[in-house]
Every structure is written in structure tokens, then in C-alpha cells.
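Protein chains in written order, with numbering that gives the first Met the number 0: chain V, 0 to 347; chain H, 0 to 335.
Treat the hints as calculated values from the structure; they're not laboratory data. Some clues are possibly wrong.
[What the hints assert, rightly or not] Taking beta-carbon pairs under 10 Å as the criterion, some of the chain V residues facing chain H (in silico):
id	residue
1	Glu57
2	Glu79
3	Ala80
4	Met82
[As the list claims (entries may be wrong)] Simulated restraints on C-beta separations:
id	chain 1	residue 1	chain 2	residue 2	range
5	V	Ile125	H	Leu136	30 to 36 Å
6	H	Glu21	V	Met131	42 to 48 Å
7	V	Ser78	H	Asp169	54 to 60 Å
8	V	Asp120	H	Arg43	36 to 42 Å
9	H	Leu216	V	His169	21 to 27 Å
It should be emphasised that the depicted structure is a prediction, and the values quoted were computed from it without experimental measurement. Don't be surprised by glycine CBs; every beta carbon is placed ideally from N, CA and C.
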Amino acid sequence: MTMLQIENLRTEFETPRGTVTAVNGVDLHIDNGEIVGLVGESGSGKSVLAQSVMRLVEDPGEITADELLFKGEPLLEKSEAEMTTIRGNEISMVFQDPMNSLNPTITVGEQIAETVRLHQDIGESISLPAEMKRKIIGASKASESWRRAIEMLESVQIPHPESRATDYPHEFSGGMRQRAMIAIALSCEPDLLIADEPTTALDVTIQAQILEELHSILEVFDTSILLITHDLAVVAETCDRVNVMYAGEMVERATTRELFSNPQHPYTQALLASTPQVETAVEELEPIPGTVPEPIDIPYACHFAPRCPEAKEECFEVDPAFRRVGSEDHEAACIRRDPVDGEVIENE
Amino acid sequence: MSNDHTTAGRSDSDALDPDERERIARRYRDESPVESTENRGVYRRIRDQILSDKKAIFGATMVLLFVFTAMFAPMIAPYEQDETFGINQEPNSYSEGDYTGNGEIDRVWHVLGTDSFGHDLFTRIVFGARISLLVALTTVAFAFTVGTAIGLIAGYYGGLIDELLMRYVDFQWAFPSIILAAGLIAFLGGLGVTNVVIAIGVAFIDDFARLVRGEVLSIREEEYVLAARAIGTSDRRIMTKEILPNAVAPIIVQMTLMIPLAIIAEAALSFLGLGVKPTTPTWGLLLAEGRQYINQAWWISVFPGLAIMVVVLAFNMFGDSLRDAFDVKQSEVSEK
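Extracted from the complex, chain V is given alone in its bound form:
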């Protein structure tokens, strides 16, 4: 079954300098129990895409889509109140910077317990006076939500969860905070977890542990994961399928194995060439020349054309439709690639 189905999603910001199209007609789908990667440079619109799915884009952001279906239900038609019951409960998010994503004035355990109280009917009041009382005399250690908080901390492998739960975020290390964030995100057993660069701020050993954590989540909680990153190594290690994004548009999608062994879009190829590889000794890495264009009224058809080594004049003129370029579901949006079996997927 499809967990998340996105078709032609656009997120635009009206600014004094013009309309910024941060996400420009993106298609994406995530199946049950799948880890899907979303890769791209900084500024390619990955995070905005993630926030658009949860409808967290703030004014003046405007989200439109032909389809934004979560478990078959259109998210864009939900009211704000309905969205608050979905956020944290059915779709959760883990953020990039674990140093800043926990509230410094609330204990870690309480932050998890609060999420549980918000979404699960366990007979604990979430009214303001009740919360004030909890703040002053401390949350009951016998309450269902607190028990659940400790359980969650244990499941993300925080040592001594009972005593650690009463600590404030500044008493946690970076890796532990990210685990705590994951614990919060998973406390209500969501169906979809969006991890927005969850390992970027962490060093490699912790990164490996967190990625392992994500894998075990998949098994234990049966959660689909959308993993956003700019780190190809992370994708190679974790994801089932990969989507490559550039300047607000998808340029290529394939299974992980296929993408790494047979990259087709010039951007993906350049991205891989600019990453160090252990097996092949390379004298010098090849950076991609230039920078991501500002997403305000990009005048040329293929957004990558000005930086593309293979660009021809028609690249600037003709919208690149997705075409099948390899085995199975391997598709790329580049007119310089010959479609396999002549199959071109029309973009409307």
C-alpha cells in the first residue's frame, strides 16, 4: 500500500523580489515499510518539501499539489485542527540540529510524555492548569505517559532511562539528544517518519548508531521513513529507493543499488563524482561548477542546464520529461538520455 503519494507538489513563497518556487512540481511516493532517500545540495528544496508534507510551511508559503495523499487521504484538504492530530501521531519529524530541537526548559522525559498525552487517550489532562500543576510539583512518575517516556528512551538505547528522563536537554550529549528527538517522534508510533538530515550535525560514529537506530525502528514500529540528506554515503547505507532533487525539481529516481551503479542524470553523475569513494583511487575530486540557481523565475527549462557538461541549446528550451533510463523504476528527467523502450513519462 502507498503510505505517501505526492504528485506535482509546488511550494511558493511570495517575496518582494519575486515568487520563490522552493519546490517545483515534485512527484514522490513512499510505500509501507520503506526507507526512501531524498538527496540534493543545500538549497535544493528538500527541507521545504518535508515541511510541505506536514503543512508546516509558514506564511507567506503557499502549497499546491495535484495530489498529496497520506494513507489515501488528501492532506491539503484537512483543517489546521485535523493536522495537529496527524502531526506527531501519524506523521513525525526529526530535525537536523539536535542542539536546538529540544525545548531547554522542559525535561526530556516530560517532552516525550507530553507528546503521548497530546495524542493518546490515556486519561491525563492536557489543559493549561493541569500542565501548570505538573510543571510545579513535577509530573507523576507513576503516570502512563511517564512510563511510556521511559520505555521510549530505553528503546532508543539511552542508558539509565529512569534517571535520564528527569534531565534537561543541556545535560544530554548531541547524539543522545538526537535519540531523544527520535524517541519523541516515535512515541505515538507514527506511520511515517520524516528525518530531515538527522545525522548532519553528528560525528560519524554517532551517525552510524543513529542510522542503525532508524533501521531497527523500521522493524519494530513498522514505520515508513523519508530520509532527507545531502550525504550520499548515508543514502547508500540505509535507503531502499532514492530521489535526487535539484533546484526544487526531481531529476532522478531509482532503487539505491541501481542509482549508485548506473547514475543517468548528469547532475547525479556529477554529484557522485564529487564524493570521495573508497574503492577507486581518485587524484582529485570533481566539484560541480557553479551554484544552485536562486529559485526565483528560473528562465530556462532544465534547471541544471547552465552547470551541465552535456547541455545543448534545446536543454534550455524544452522541459525535460521523466523517462525510463534503466531497469525497473529507474527514471531521469533529462532530454539527453535515450529512453529505454522509448518510454517517456509525461509531466503535465
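Following the hints, put chain H in place on chain V, whose structure we already have.
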């Protein structure tokens, strides 16, 4: 040779076998306290900061003394607040007369003298502390509640709501607060503590609103606010649980700095005859009454004036040191 040398230091006889190593490691793990004490006490830091600063100690002591005086005024004051003795008595003088009504002549000492009605000045000042404290606290509480609400809503929602609320605050900002308070008292009609509190409280709203809005604008961009929204927290909850607790330090400091201003404002209103009822003992009223007799009886206005000065100064010093204590960056620098 050098290789042999380095390995010799960790020869096999010294090395622990894995089981042994694990056993020892576990012992250390179990012994080491899990709770980190690092940064545990914000309160302790504030206490240390105050104790290390002489001005802060002075401020805190005087503030405590002031609160204590106000609380136990009837026990501290030597006489009843409206008992009358000889009028315009000098400090350190005595009135003689039958004040207890038992037919005998009493000799009564006035440490600060008496006023033009014959009230003992020290008694009046002690009771005046009650009014000053009451007015100051309720005023600041009122201004804090309304001002914080305005600042929170304006800062959080932004846009048109922000525009409307803050233009109102700007309007009030541009208006001299004592004139606004005087106007409000005229509007509310009549003298009395409640009206004074409302008048001064309203005049102080803008300070809190601006401060809180500024804090909210920076805090709402923090990732934990976005994270809170991502777990399905409602707007009201984000404002009260995520944003407000993180803005509390500057608000507390602002409160300690507004209390002396409220005391002065109350005194000024009483001085102008717009404050509490004339028979109530307040510092401002004493000051105003003494003005007429400044040539014959300087003490009537000087001592209440001194009381105001000392209390205001004490609150300011206390507030300053609180601000330093809450300012993490500054305290880190001074510790190094």
C-alpha cells in the same frame, strides 16, 4: 628496537583479559553517578551571583527589609497609624499628654518627629510601606499579565494582529505615563488603591509588551518551536509551554526594574492628589503634605523622600544583579 621498546610497556602480563576488563569497567560504570551536576542549578548560579556582589547584597537586604516592614507594619510601628500627638514635632523629640486615656500624662518619643496633623512620622512611613508594596506588586502584576499577553500574541502571529497591537503600544509609548495615569484616574472617577493600580498598570503595559514581543520574535524561530509544531502542538500551547518559559529571565528582570518605577508613580500620583484617599498613609501623600511646611518642618517631606529613594535604589541594584545572573554569556566570561 624501538618497536620492542613500546610494546614492552604493555606486555602480556600487564594486560587484562576481556572478562576481567569488563568486570572492572562495570564496577566503574555502576559507581559513577549518572546525574550530571553540570549546570544543574540555575538557582544556585543566581544565588552565587548575588552573594558575590556587594551592591546586590545591599539591594536584596533592603528589599527584604522593605517587604518585612510592610508585612509586619502593625508590630514594627510604635503607635497606631492615625493616633495624633503634638503637631510638627522635631525628630528625636517627645510629646506630652494623656494619649492612652487613663488620666496620666504620657511622654511619647518621636524618632522622626510628627507631621502637621500630629501623626508620628515613623509610624506613618512604616504603614506607608504597605501601600507602596501593595501598589507596586499589583501594578506590575497587572502590567505583566496584560503586556505579556499582548507581546506574545503580537510576536507569535505577526502580520495584521502584530501591526494593530504594536501600534497601540507605540501610541501608549509616546504618551507620558504619568499623564496617562492621571487621565485614567479622572476617567475611572474617584480616589482609591484599585484605581491607582489600574491607572499605573495600564501605563506600564507597553514596556512589557515590547520586551516580550522582542523575545518571542527570536524564540519562535528556534528549531524546538518548529519541532513542537511537528509533533502536533497547538498555537496556544506553543506560546505558553515553549515560548514563554524561555523568555522568563528578561521578564523577571524587567519586573524588578518596574517595581521602583511603580512606587515612584504611586508617590507622584499621591503627591498630585490623584492617588489614594488623603487619610491613607502613603509616602507620596506625606511628601505632598510636608511641602507646605518645608520651611518650619523639613522632616515631614525629607524622611518619606528618603524612604522612597532607598527602596527604589535597592530594587534597582537587585534587578541589575539579577540581570547579570540571568545573562549566561556575561557570567561565563567573568568566571574565566
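Hint check:
For the restraint placing Glu57/V at the interface with chain H, the shortest Cβ-Cβ distance is roughly 9 Å, inside the 10 Å limit, so the hint holds. With a cut of 10 Å, the hint placing Glu79/V at the interface with chain H holds, because the nearest CB-to-CB distance is about 9 Å. This hint holds: Ala80/V has a C-beta 8 Å from the nearest C-beta of chain H, less than the 10 Å allowed. The beta carbon of Met82/V is positioned within 10 Å of a beta carbon in chain H (closest approach about 8 Å), and the interface hint is therefore held.
Take Ile125/V and Leu136/H: their Cβ atoms lie about 31 Å apart, and the range 30 to 36 Å holds. At roughly 47 Å, the beta carbons of Glu21/H and Met131/V sit within the given window of 42 to 48 Å. With their beta carbons about 35 Å apart, Ser78/V and Asp169/H fall outside the hinted range of 54 to 60 Å. In this structure the hint that Asp120/V and Arg43/H lie 36 to 42 Å apart at CB holds, the actual value being about 40 Å.
The hinted window of 21 to 27 Å between Leu216/H and His169/V holds, with their beta carbons roughly 23 Å apart.
This entry does not satisfy hint 7, going by the numbered hints stated previously; all others are met.
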